[in-house]
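Numbering that gives the first Met the number 0 puts the first residue of the sequence shown at 0, with every later residue one more than the last.
Keep in mind the hints are simulated off the structure, nothing from the lab. It cannot be assumed that every hint is accurate.
[To be verified] Dumping the calculated BS3-like pairs for lysine-lysine here, alpha-carbon to alpha-carbon at most 25 Å:
#1 936 <-> 451
#2 467 <-> 484
#3 467 <-> 157
#4 556 <-> 593
#5 800 <-> 936
#6 142 <-> 340
#7 226 <-> 258
#8 142 <-> 374
#9 258 <-> 279
#10 88 <-> 380
#11 185 <-> 249
#12 142 <-> 185
#13 88 <-> 157
#14 783 <-> 800
#15 785 <-> 800
#16 418 <-> 451
#17 215 <-> 172
#18 852 <-> 936
#19 902 <-> 811
#20 172 <-> 258
#21 418 <-> 443
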Amino acid sequence: MDILLCFLNFLLILERGYAVRHRTNLVWSMSPLVNGRARIVGIEGDPNQWIPSGNVTVRHISAPHSAWQFRGLAFHYKHKMLYWSEKSKHRIQGLMLVNRSTSTQTIFTGTSKTIDGLAVDWVSNNLYSVDPKYNWIMMIALKENMTENTAVYKLVVKTDLDNPHGLAVHPQKGYLFWSDWGFYPKIEVSDLLGLNRRTIVSDNMLTPRGITIDYKEKLLYWVDSQKNTIESVQFNGNSRRIIVSHAGAKFFGVAVFEKYIFATEQLDGHLRIYDKNTGKGYINYQLGYIPYDIMMYDEESQAGNSSECDELNCDQICVNLPLSGPRCYCGDGYEMQEDQKTCEEAKLFLQPAHIYAIRDAICQYPANFGHMSLKNITLDKQCFIKTRKGFMALAYDGDQRTLFYSENVTKSISKVQLKRGEYTKSIIKGIGEVKGLAFDWMTKNLYWTDSKYQWIMVARPDGRFQKKLINENLVDPVGIVVHPKRGELYWSDPGRHVVEVSALNGGGRRNLVVTNIDHPNHLYLDFTSDVLYWADSGLNQVVSYDLDLDVTSVVYKHQSARFYGISLFQDYLVWTDQNDMNGIHIADIQTQNKVRGILHPQTGEALDVIAYDVINQPVLDVTCSDNNGYCDQLCLGLYNESYVCACGTGFQLDKDLQSCLARDNFVIAADSYQKQLYQVDLSTGDVHVIAPEIAHNRPIAVAFDPIRNMLYWTENDRAEGKVIQRVNVEGRSSEIIKALSEDSVVDGLALDHINRLLFYTDTGLDRIQVVSIDNYQICKTVVKDKLDEPRAIAIHPLKGKIFWSDWGNEPKIESANMDGTERRLFLSMSGIAWPNGLIIDYEDNVLYWVDAKQNTIESISIDGTDRRIVVHETDVHYFGITLVGNQLILSDWKSNSLKTINKSTRNGGSTQVKPIGPAAFSRLNGLTSYDSTSVIKGASGCTGVFTCDHICIPLPRLRFICACADGYQEQGSACIKTDPNATSIDARAKHNPKSSASSKYITYSNTGLSKGGVIAIAVVCVVAFIITIIAAMFLFTRWRSGRVRHERLVDSGNNQVDNFYRITFPDKHQESVSFDSGIDQYDQNQSS
0 MDILLCFLNF
10 LLILERGYAV
20 RHRTNLVWSM
30 SPLVNGRARI
40 VGIEGDPNQW
50 IPSGNVTVRH
60 ISAPHSAWQF
70 RGLAFHYKHK
80 MLYWSEKSKH
90 RIQGLMLVNR
100 STSTQTIFTG
110 TSKTIDGLAV
120 DWVSNNLYSV
130 DPKYNWIMMI
140 ALKENMTENT
150 AVYKLVVKTD
160 LDNPHGLAVH
170 PQKGYLFWSD
180 WGFYPKIEVS
190 DLLGLNRRTI
200 VSDNMLTPRG
210 ITIDYKEKLL
220 YWVDSQKNTI
230 ESVQFNGNSR
240 RIIVSHAGAK
250 FFGVAVFEKY
260 IFATEQLDGH
270 LRIYDKNTGK
280 GYINYQLGYI
290 PYDIMMYDEE
300 SQAGNSSECD
310 ELNCDQICVN
320 LPLSGPRCYC
330 GDGYEMQEDQ
340 KTCEEAKLFL
350 QPAHIYAIRD
360 AICQYPANFG
370 HMSLKNITLD
380 KQCFIKTRKG
390 FMALAYDGDQ
400 RTLFYSENVT
410 KSISKVQLKR
420 GEYTKSIIKG
430 IGEVKGLAFD
440 WMTKNLYWTD
450 SKYQWIMVAR
460 PDGRFQKKLI
470 NENLVDPVGI
480 VVHPKRGELY
490 WSDPGRHVVE
500 VSALNGGGRR
510 NLVVTNIDHP
520 NHLYLDFTSD
530 VLYWADSGLN
540 QVVSYDLDLD
550 VTSVVYKHQS
560 ARFYGISLFQ
570 DYLVWTDQND
580 MNGIHIADIQ
590 TQNKVRGILH
600 PQTGEALDVI
610 AYDVINQPVL
620 DVTCSDNNGY
630 CDQLCLGLYN
640 ESYVCACGTG
650 FQLDKDLQSC
660 LARDNFVIAA
670 DSYQKQLYQV
680 DLSTGDVHVI
690 APEIAHNRPI
700 AVAFDPIRNM
710 LYWTENDRAE
720 GKVIQRVNVE
730 GRSSEIIKAL
740 SEDSVVDGLA
750 LDHINRLLFY
760 TDTGLDRIQV
770 VSIDNYQICK
780 TVVKDKLDEP
790 RAIAIHPLKG
800 KIFWSDWGNE
810 PKIESANMDG
820 TERRLFLSMS
830 GIAWPNGLII
840 DYEDNVLYWV
850 DAKQNTIESI
860 SIDGTDRRIV
870 VHETDVHYFG
880 ITLVGNQLIL
890 SDWKSNSLKT
900 INKSTRNGGS
910 TQVKPIGPAA
920 FSRLNGLTSY
930 DSTSVIKGAS
940 GCTGVFTCDH
950 ICIPLPRLRF
960 ICACADGYQE
970 QGSACIKTDP
980 NATSIDARAK
990 HNPKSSASSK
1000 YITYSNTGLS
1010 KGGVIAIAVV
1020 CVVAFIITII
1030 AAMFLFTRWR
1040 SGRVRHERLV
1050 DSGNNQVDNF
1060 YRITFPDKHQ
1070 ESVSFDSGID
1080 QYDQNQSS
């Protein structure tokens, strides 16, 4: 048949044709070569009739205007529905082929522009689409009267797709086929849910495009546009054969009907018809258009019906698998209820998505926000944390659905599970300005850059074991990424115009050899291809760096863009910009076209952006993944696929190179404004928060137990009630040891680790009490009279003495035995004085204190002699004091800092007081410290064979007293409850007495003998025996106390968390901030 005649006849019939009707049709989509409108064209009738005769009836559906472009095609014969993908509006639409209807139905909006694969499962009533730009296959439930706003979809395949194109479905066998012409061309098959995936053809393929199924012959057909072939294969991949090999024919789509194969060819705009058995050509229509997808709209190719799914009446999606039968499923963003039919909105945030920080809020958009409908979209709706905390840096743990973020206002790093109704948790406090975060999902370590303090840090995801990795030669570190497999850390420093790399422990640091770099900001790392990307706002470009080849290239450049945060998702580059272009932007990397910008120039400041997708965090073979490398705290990878164990601030690595011991030289400070407990390493100045997940209200007093590594502190404004708490210095095993009354205000703590006692002052109730820290149900009041404003307290366990300051109307320091007896005025202060912190130098037997009114630090011997001024300043307000070696450590409210001065100083001035640690504090209160050389060692009166029913209190001259808790009275050797309101003390919480011990003062010297000789001899023997035992115990204790151990307690898993922020989206009952929104639409093909 003459090709020219076919061409002329075809165009004549096309111009005079009517709309495609619901009956057997060969249907294809096509677009004009230059001007004109796109069309969906159908040749009506049985091909067995019109192919031999050449008489065709052509009908078409014309686009309403020239911007439209039809691409992929599918149909549901029993529903009389024709479906297509439409390029200009990024959508999938449908049209019912009855009564010449022109009312289209939008099924889904938000596809890329090149959807060429559509397929309908008519048994389950689902439409499948394949997107080569987002590299996913989507299933959309076909519901009656559905709209784009009510559409329910499910991403069934979203991994290991490169450039998917064709799509075909076989409902009766439960097969979903697709072609992929990416780097590794292939044809794959899965079940209807995208599971049980396998490759059926991969050899000798170049560019597989359209595919179709011959349901009668059980064959799969496809075209290869680069090989110029039409081929077929059985469903299991066997019996592959080439049916047509046509040089120069750039095949695109393919369809089959009985003995005919139909193929579209784009180079010259042809529709070609062949014999599927012999490959013989029948007709070649020159269309004058560029054809795309092609299909047979035919009832016989959709055998069976959807009755089983219809009867199941699923709320959203039904999938009828051959082996298991019909079953209900929920679309993405929904979760199945107990009836296994109903779906409700899921609490977990959807993956994938784009999340970005704008200082005032943290916001999210779907992964396809470049093509989604922006109808009714506002920034306010898209932001889910809106507390105006100066949000800057972002990172995530995809497996745990957890977002990490920095807050510049509160100087903290927090985390939150991306789940509706969840609360945020502050995990790290006292940061400077954290601009970059990175999470190692294999070792569960969190890294961050701090541009204020010019360092790079690492910690566990709960904030514990913070360690400074790099703190030299940094100016303004910003972006940071981690490569777990290579054991490498990358970061940018625009202050030095460099991007650097090191091992994960900070070793082996070097600059990347890059010449074309100016102001590198945030980074992105593609782990599959080992390519690093960074945003360069100075050169208005995004650059890639091949980690294996050390080669750079410009990925995208835009002269008006000042790239700051960047992320990649499939074929798209996402970035944040500022000033007039403040917002989030997206561009197609392959075409170099900007797709869209969402602007809010008057609201917030767009900063970091991440692609929230667990697929970007693949499981890797890393050395630390097995039980944290058997490291006690941190496991850090190295370049050579090995690793090292490391310890956080305040700890040092033991000889086994795995365990961590408490470091020998640190101070712990309570900050009541920042509501945290800080540990300051005096060797390095490093600071980290102890147990950051614990919600503090106003921590004031602190004390440290060097035997158990336990920190004690007071909470004076806790909403649930005032308490004294303790926690392992590693941040583990937090517990309340004493619930206080509503009127209590505890400003002073002092711990006696030898006798396991904790003393505290209560200025609210005007009393001093003692608690057994091993049996903290036992609490006894030792002083309760004539106290005005007691504040600090200090203990001398070996001398059985306590000292406390009182800054009331008659400021003074008093002393007493540890049981409160022999109380006396130790030092009266003339004039107005505010004696605050106290500390005893056990080596020199000297008491030091700070006076916040007189701005002095003073000292006096504990025998009351040799009072002297250590230092006097003019503009300070000292509160806490502690001693480490020869250095006094002070907390100052005026400078909000820690200071130090040598304890031997006399009449010193401000020049002799030196700051220590960073200026990162707000209101430092009580201090405590640890230095092994300063830990008091020795025996007290309670170090002996005698035990007490409740509590043993040492006294001077190696004496002791057995005492009962408040509300109890001693009867013989037992404590009997006399106050029904007193705390009940469990039997297990008591000492088990091995002998009866009187509550009277007991000494180790004999008080006298009876007159009887026998009795005298017996008593002498008994006394001699007792003295021998006591001496032995005394020597043993001296030996034991000289060997202070630093043991860690087992994590109980009962750590409290800080719940002070709540996700506001989509909780309508939460207060939210209104945000302006603006749309910068870069789609040049959109219609008016």
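Structure-based check of each hint:
Distance restraint check for residue 936 and residue 451: the Cα-Cα separation of roughly 42 Å exceeds the 25 Å cut-off, and the hinted pair is therefore not satisfied. Restraint check: the Cα-Cα separation between residue 467 and residue 484 comes to about 22 Å, which is no more than 25 Å; the hinted pair holds. Between residue 467 and residue 157 the alpha-carbon distance is near 38 Å, which puts this suggested pair outside the 25 Å criterion. Restraint check for residue 556 and residue 593: the C-alpha separation of about 10 Å stays at or below 25 Å, so the hint holds.
Of the pairs offered as hints, the one joining residue 800 and residue 936 holds, with about 15 Å between alpha carbons and a cut-off of 25 Å not exceeded. At most 25 Å may separate the alpha-carbon atoms for a hinted pair to count; residue 142 and residue 340 meet this at roughly 15 Å. For the hint pairing residue 226 with residue 258, the CA-to-CA distance comes to about 23 Å; that is within 25 Å, so the pair holds. Our distance criterion of 25 Å between C-alpha atoms is met by residue 142 and residue 374, whose separation comes to about 22 Å.
Note on residue 258 and residue 279: the hinted pairing holds, with a Cα-Cα distance of about 11 Å set against a maximum of 25 Å. Only pairs whose Cα atoms come within 25 Å are accepted, and residue 88 paired with residue 380 is accepted, the gap being roughly 23 Å. Annotation: proposed proximity of residue 185 to residue 249 holds, straight-line Cα distance about 18 Å (limit 25 Å). A threshold of 25 Å between alpha carbons decides the hint, and for residue 142 with residue 185 the separation of about 33 Å lies outside it, so the pair is violated.
Distance restraint check for residue 88 and residue 157: the Cα-Cα separation of roughly 23 Å lies within the 25 Å cut-off, and the hinted pair is therefore satisfied. A distance of roughly 17 Å separates the Cα atoms of residue 783 and residue 800; the hinted pair therefore holds under the 25 Å criterion. Restraint check for residue 785 and residue 800: satisfied, since their Cα atoms lie roughly 19 Å apart, inside the 25 Å limit. A hinted pair counts as satisfied when its Cα atoms are at most 25 Å apart, and residue 418 with residue 451 does not qualify at roughly 32 Å.
At most 25 Å may separate the alpha-carbon atoms for a hinted pair to count; residue 215 and residue 172 meet this at roughly 13 Å. With a CA separation close to 35 Å, the supplied pair residue 852 and residue 936 exceeds the 25 Å bound. With a C-alpha separation of about 22 Å, the suggested pairing of residue 902 with residue 811 holds against the 25 Å cut-off. For the proposed pair residue 172 and residue 258, the alpha carbon gap of about 22 Å is at most 25 Å, so the pair holds.
Distance hint between residue 418 and residue 443 is fulfilled; the C-alpha atoms sit about 20 Å from each other, no more than 25 Å.
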